[in-house]
Structures are given as C-alpha cells and as structure tokens.
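Going line by line, the protein sequences match chains A and B.
In this text, residue positions in the first sequence follow this note's numbering: the first is 7, and each later residue adds one.
In this text, residue positions in the second sequence follow this note's numbering: the first is 7, and each later residue adds one.
It is possible that part of the hints are untrue.
Chain copies aren't distinguished; within one or between two, either way the pair holds.
[What the hints assert, rightly or not] DSSO-like, lysine-lysine: derived pairs with alpha carbons at most 30 Å apart:
#1 230 / 89
#2 313 / 349
#3 79 / 332
#4 324 / 225
#5 225 / 349
#6 332 / 37
#7 79 / 324
#8 106 / 230
#9 324 / 37
Hints in this document: simulated from the structure, not taken from any laboratory.
Read off the chains here:
Number of protein chains: 2
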Amino acid sequence: MIPMKRLLPFLLALLAVGTFSLDAQERVRWKLAMTWGPTLSPFVDAVEEMASMVEEMSGGNFVIRIDASNKHKSPFGVYDMVKAGQYEMGHSASYYYKGKNIAFQPLTTMPFGMTAPEQYAWFYYGGGMELMEEAFRPEGLLAYPGGNTGNQMGGWFRTEINGLEDLEGLKMRIPGFAGDVFSELGVTVTNIPPGELYTSLERGTIDALEWVGPGMDIKMGFHKIAPYYYTGWHEPATELLYLVNEDEFNDLPENYQAMLVAAMKLSSYNMYAENYHMSAVAWREMAEEFPNIEVRTFPEEVIAAMKEANEELIAEAKQESPLFAKILESQEEYMEGVRAWTKISDYDYLTDNLEPED
Amino acid sequence: MIPMKRLLPFLLALLAVGTFSLDAQERVRWKLAMTWGPTLSPFVDAVEEMASMVEEMSGGNFVIRIDASNKHKSPFGVYDMVKAGQYEMGHSASYYYKGKNIAFQPLTTMPFGMTAPEQYAWFYYGGGMELMEEAFRPEGLLAYPGGNTGNQMGGWFRTEINGLEDLEGLKMRIPGFAGDVFSELGVTVTNIPPGELYTSLERGTIDALEWVGPGMDIKMGFHKIAPYYYTGWHEPATELLYLVNEDEFNDLPENYQAMLVAAMKLSSYNMYAENYHMSAVAWREMAEEFPNIEVRTFPEEVIAAMKEANEELIAEAKQESPLFAKILESQEEYMEGVRAWTKISDYDYLTDNLEPED
Chain A
7 MIPMKRLLPF LLALLAVGTF SLDAQERVRW KLAMTWGPTL SPFVDAVEEM ASMVEEMSGG
67 NFVIRIDASN KHKSPFGVYD MVKAGQYEMG HSASYYYKGK NIAFQPLTTM PFGMTAPEQY
127 AWFYYGGGME LMEEAFRPEG LLAYPGGNTG NQMGGWFRTE INGLEDLEGL KMRIPGFAGD
187 VFSELGVTVT NIPPGELYTS LERGTIDALE WVGPGMDIKM GFHKIAPYYY TGWHEPATEL
247 LYLVNEDEFN DLPENYQAML VAAMKLSSYN MYAENYHMSA VAWREMAEEF PNIEVRTFPE
307 EVIAAMKEAN EELIAEAKQE SPLFAKILES QEEYMEGVRA WTKISDYDYL TDNLEPED
Chain B
7 MIPMKRLLPF LLALLAVGTF SLDAQERVRW KLAMTWGPTL SPFVDAVEEM ASMVEEMSGG
67 NFVIRIDASN KHKSPFGVYD MVKAGQYEMG HSASYYYKGK NIAFQPLTTM PFGMTAPEQY
127 AWFYYGGGME LMEEAFRPEG LLAYPGGNTG NQMGGWFRTE INGLEDLEGL KMRIPGFAGD
187 VFSELGVTVT NIPPGELYTS LERGTIDALE WVGPGMDIKM GFHKIAPYYY TGWHEPATEL
247 LYLVNEDEFN DLPENYQAML VAAMKLSSYN MYAENYHMSA VAWREMAEEF PNIEVRTFPE
307 EVIAAMKEAN EELIAEAKQE SPLFAKILES QEEYMEGVRA WTKISDYDYL TDNLEPED
C-alpha cells in the first residue's frame with residue numbers, strides 16, 4: 007500500500023496532463039501513388055512538399071508515404087487505385103482519364119483556353135472547384151488542383167512543320183483533347199507514360215512529342231533527336247491533380263483534413279512558380295548551350311485548322327456529356343470577362359515592357 | 007486511504023492518456039494589426055482566411071484575433087507595433103515603410119518591374135525570400151508575401167493627361183517609388199490611408215489618386231469624381247506583406263510555426279486569384295454600368311519621362327542603400343531571363359487569342 011499523500015501530487019500531475027489530451031494528435035499513415043517517376047521535378051517536388059508540410063503541421067503524426075510509378079508499376083492506374091482505396095490519395099492529371107469521363111479534360115486545361123492566372127481565378131472564385139466536385143464526387147473521389155505547368159510548349163518534332171501536309175501520318179505523343187485535335191489533322195496520336203518518352207522517340211515509335219516546357223524538357227534530352235521546338239497552343243495552363251479517396255478523407259480528424267487541403271493547394275501554387283522559374287532559367291540557357299534547337303511557331307494555316315477542329319470536337323463532346331457542356335460553358339463565359347482584363351492589365355503592360363530596362 | 011487495487015486501473019488509464027499528451031496542443035492567442043479597415047476585400051479576406059486556416063489546422067487551439075485600422079487607429083503604424091511586440095503580427099505593404107528603409111520598396115513591386123507570376127517565381131525560387139529576410143530580420147521581424155493585387159491600374163484623374171504639362175502641380179495620392187517618379191515629373195505626391203481616399207478626392211485635398219484596380223476601385227466610387235481611368239505602369243505586381251515578430255514566432259511550437267507559414271503563403275496566392283477574379287468581373291460590368299468612365303493610357307512622352315525618372319531614382323537609391331542595390335540587381339538579372347520566357351509562353355499565346363472563341 008502506498009500512502010495517499012505520496013500518491014496525490016503524482017495523480018494531480020497526471021490529471022493535468024490528461025486535460026490536454028483532449029487535443030491529442032491521432033497517428034495516421036497514408037500512401038500516395040504518383041503517375042510520375044521518383045525524380046520528376048517539379049511534379050514530384052510539389053507532392054513531396056505537400057507531404058512534408060502535412061507532417062510538420064501535424065507534429066509528425068500524419069505521415070504520407072509517396073510511391074512513384076517505378077514502385078506501383080501503373081502510371082495511369084492512379085485513378086483506379088485511389089478509387090479502390092488501394093492508395094488513400096494520388097497525384098496525376100485529370101485529362102489522362104478523359105476516356106472514363108470527357109468532363110475530366112477541361113479540369114486540366116483546354117486548347118486555346120485560359121492561362122494559369124485566369125484559370126486559378128476560375129477554379130477558386132469563378133465556380134471551377136464546384137464543377138470539379140461535380141465531376142469527381144460521384145466516383146467517391148475528392149479532387150484538388152495539383153500544380154500548374156503554366157503555358158506548355160507545342161512539342162518537339164524531327165522535321166519542320168511548314169503546313170498541314172507535314173502533319174499527315176506523323177506519329178506523336180500528345181495526350182488529352184489536344185491529341186484529338188491533332189488526330190483530326192491526320193496525326194497518329196498516342197499517350198505514353200513520362201518514363202518512356204525518350205526511348206519511344208529514339209526508337210521511332212513516335213516522330214514527335216509534346217511534354218511540358220523548357221524547364222522539364224531539356225533534362226529529358228528530346229532536343230538531341232527532335233530539334234524543332236514549337237510554341238504552345240494546346241495546354242495554356244495544365245493543372246495537375248490531387249485525388250483523395252472520399253471515405254478515407256472523411257475518416258481523418260477535422261484538423262488533419264484542413265492541413266491536407268491547405269498543403270495540397272499551397273504545393274500546387276508553388277509548383278506553378280517553380281516551373282515558371284525552371285522554364286525561365288532553361289529558356290535562357292537553351293540559346294547558349296543548345297544552339298541546334300530551332301524554335302518555331304506553327305504556320306497560320308495549321309493554327310486555323312487546329313482552332314476549327316477544336317471547336318468541332320468541343321461541340322461533339324458537349325452533345326455527348328452534359329457535364330462537359332456545363333464545364334465548357336462555364337469556362338467560355340468566364341473567359342469572355344477575364345481575357346479582357348488580362349489584356350488591359352498584364353498584356354498591354356508587357357507590350358510596352360517586353361525588353362526589361364538595363 | 008484508498009486500496010491500491012482500486013487505484014491501479016485509474017492510474018493506468020491516466021498513464022495511457024499521458025502518453026498521448028506528448029502531442030498535446032498548446033493554446034495560443036495572437037493579435038494581428040491590419041493597415042486596412044475591417045471590410046476591405048480582398049485584402050481582409052486574405053487575412054481572415056489565413057487566421058481561419060490556422061484555427062482549423064490547430065483544432066481551435068491557435069487563434070489569431072484581427073484588429074482593423076478603426077480599432078488600433080494607426081494604419082501605417084503596423085510595422086512599429088509588430089516590431090515592439092504590441093501585436094504578434096501584422097498585414098500591410100512593405101513600400102509604405104520605404105522611409106525607414108528604401109530596400110523595403112522592391113519587396114512590394116517596382117515601376118516597370120515584374121508581373122505577378124514572374125515575381126512569385128523570383129520570391130520562392132529566384133532568391134527573393136532570402137533578400138526579404140535580409141531586409142527584415144535585422145529588425146526582429148519575419149516577412150512573408152501577403153497577397154498580390156496583380157497589375158494595378160494607373161489611377162483616377164479629374165482631367166485628361168495629354169502631356170507632361172498636365173502633371174505639373176497636380177496633387178496625387180500615389181505611394182512608394184511610383185510616387186517619387188511622379189514627384190520628379192512635377193506632381194505633388196502624398197500617401198493617404200485607404201479609409202480616407204474618397205473624402206480626400208471629394209474635398210479636393212488631392213486631384214488624382216491610384217488605388218488598386220477595377221475590382222477594388224469601383225466600390226470606392228472614385229469614378230463619380232474623377233472619370234479618367236489610366237492603365238498601369240507603376241505597380242505591375244503589388245505584393246502585400248505579413249509581418250511577424252520574430253521572438254513571438256520562435257516561442258510557437260514548431261507545428262504551429264509550420265501552420266502559420268503555410269496559411270500566410272496560401273492566403274497570399276489566393277488573394278492574387280481573388281483580385282484577378284474581382285477585377286475581371288468589375289471590368290466587364292464597368293463598360294455597361296459606368297459608361298462615363300474614360301479608360302486612357304498615358305501618352306508616350308509621359309511614359310518615356312516616367313521610365314527616365316525611374317532609372318535615375320533607382321541609380322540614386324542604389325548609391326544610398328547597398329541592400330536596395332542588391333535587391334534591384336537580383337530583380338534586374340532575374341527579369342533578363344524570366345521576361346523572355348513570359349514573352350514566348352503567355353504573351354505570344356495571348357497575342358493569338360485576345361478574343362476568346364465563342
């Protein structure tokens with residue numbers, strides 16, 4: 007028997023500590039599957055930053071393990087694996103799954119669509135997030151912006167494209183709606199996981215490909231095989247995607263939900279800034295270090311044919327999917343207003359300041 | 007005396023709870039002082055969103071009370087109050103304090119400087135945050151981006167500016183470096199707290215003012231008195247500022263520090279998107295609802311004189327402050343690369359797509 011007066015201080019100390027324990031942090035371990043390989047910067051940087059923010063904010067209690075495509079072996083299976091709960095969350099791009107639902111396409115980007123600042127305004131203040139939810143929630147999935155690449159370059163070609171006839175029969179890796187547009191123009195279109203791009207181009211499985219922009223492309227070495235580098239039209243603001251299994255999300259404590267959402271959103275914006283930076287640096291180096299790269303813009307007749315095919319395909323997809331129609335109409339209506347603002351603000355300003363002062 | 011065998015289960019339960027208590031959440035109450043009044047959207051939205059994210063992520067344990075300028079009565083005293091620890095943190099703009107240190111100016115924006123996407127790339131990936139730290143940490147302050155307005159309009163004028171002679175003797179509210187530039191051009195320049203702008207214009211204390219852009223300006227009613235609305239040159243990417251007292255920050259638990267930093271950064275990016283949205287909406291409505299507003303661009307001779315005065319003032323300030331020189335050189339060097347990328351990506355794309363498709 008221990009005398010009560012010796013026990014009491016110890017007991018009181020324990021009680022005091024116990025009062026705080028109402029706020030105790032639950033230990034949570036999650037797994038995330040990426041479409042990308044383990045070192046694909048800045049896509050992977052965004053995911054790693056997101057996970058490390060969550061870990062820090064939770065005092066080390068909410069830990070997200072990241073599996074790259076070399077681990078799970080299914081780059082385009084991320085959607086299904088998260089839906090099935092095999093992974094609690096994933097990082098990919100919604101337009102990779104347009105075969106499942108064409109309405110996923112405009113939640114990434116659209117040919118001749120919005121720029122990144124316009125699109126973030128639409129997502130968060132112009133009704134975009136609500137439409138994203140309408141597309142993904144019936145699948146038991148929560149979806150969030152996963153990082154913007156900014157305006158993508160039009161891709162690498164072995165030969166120059168001087169007119170529509172040069173596209174005929176070309177084999178090209180180009181995903182999403184832009185691939186359908188090129189397909190209408192006679193291109194044989196395919197999507198290939200990021201990890202196999204260089205080999206496919208080298209072996210002649212494809213004659214051309216688009217990837218992202220100088221920041222990411224140069225490191226892939228495409229310019230060694232396909233020196234014609236075209237400016238962009240097809241992905242003016244490619245937004246990657248975080249997918250979260252809804253049931254798993256609902257099982258999280260509310261404060262962990264808040265941390266996860268904040269970390270996803272912040273890492274996405276940061277990726278936009280990081281890729282802008284990487285592209286600027288690479289664009290500058292390119293001119294000096296890789297003088298064999300020939301920067302080109304598609305000829306007017308090609309651009310005109312792309313726009314026409316794009317409009318036709320949009321009209322068809324609107325017929326096919328009421329949700330695609332609803333999302334496109336929201337974006338078209340939004341662009342009517344936002345593009346005029348972009349013109350009077352950044353565009354007109356840049357026109358007078360294309361060469362920064364020394 | 008209580009028998010040990012009756013105490014034991016109770017004691018063990020307390021011990022189990024005690025184990026969790028290592029992760030217990032400390033209750034923290036902070037106060038934030040804003041330069042703005044209590045309803046100034048989107049500036050105040052950013053601050054409120056930041057505070058509410060911190061509160062949610064901490065499970066209600068870290069609460070930040072927000073005091074607007076009508077409470078603390080010192081809109082431009084935010085810097086001093088945070089430095090003194092009277093408030094743990096503040097929300098303002100660094101260029102309001104350029105009288106204390108001219109190096110604070112380019113951490114907000116510079117006339118003829120970077121656009122918002124360029125500037126975020128510089129802040130987070132191009133060395134900007136390190137320079138911000140170099141400017142503020144010696145003052146015992148931590149500084150973070152506090153929300154970007156995007157490209158600001160050049161302001162509201164009672165009369166049209168057809169040449170340099172129309173600026174002579176004009177009384178204008180325009181803060182920061184741009185004010186110094188206008189001062190060189192013969193304008194009598196002043197800064198006035200946001201809450202007093204309309205009255206000052208109405209009473210003729212000033213003849214002209216710049217505030218932000220259509221999203222915020224229209225609600226202020228300036229167009230009723232000064233119908234000439236000029237496009238921007240002077241604040242291409244005004245970044246507001248979160249100031250945090252360093253000692254107070256260091257006293258926070260590490261996970262609260264992480265929450266606070268994440269919430270500040272996320273709310274800043276969000277404010278950029280929100281103001282882009284508000285501006286787009288207001289710009290569209292303006293044409294229909296306020297046909298008396300006359301949108302103008304400053305004449306070429308005025309722009310040329312502004313650029314010249316700006317370059318001279320930059321050269322002087324570089325002499326005066328080695329840190330200003332270091333920051334400006336970093337920005338100038340950065341712009342050399344990033345502006346070329348902006349041109350080949352968004353700018354050239356927009357040139358072909360100024361009128362969105364129907």
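A quick look at each hint next to the structure:
no. : hint      : verdict
1   : 230 / 89  : neither (39 Å within a copy, 55 Å between copies)
2   : 313 / 349 : both (20 Å within a copy, 22 Å between copies)
3   : 79 / 332  : neither (35 Å within a copy, 48 Å between copies)
4   : 324 / 225 : neither (38 Å within a copy, 38 Å between copies)
5   : 225 / 349 : between (33 Å within a copy, 22 Å between copies)
6   : 332 / 37  : neither (33 Å within a copy, 44 Å between copies)
7   : 79 / 324  : neither (34 Å within a copy, 55 Å between copies)
8   : 106 / 230 : neither (35 Å within a copy, 53 Å between copies)
9   : 324 / 37  : neither (36 Å within a copy, 51 Å between copies)
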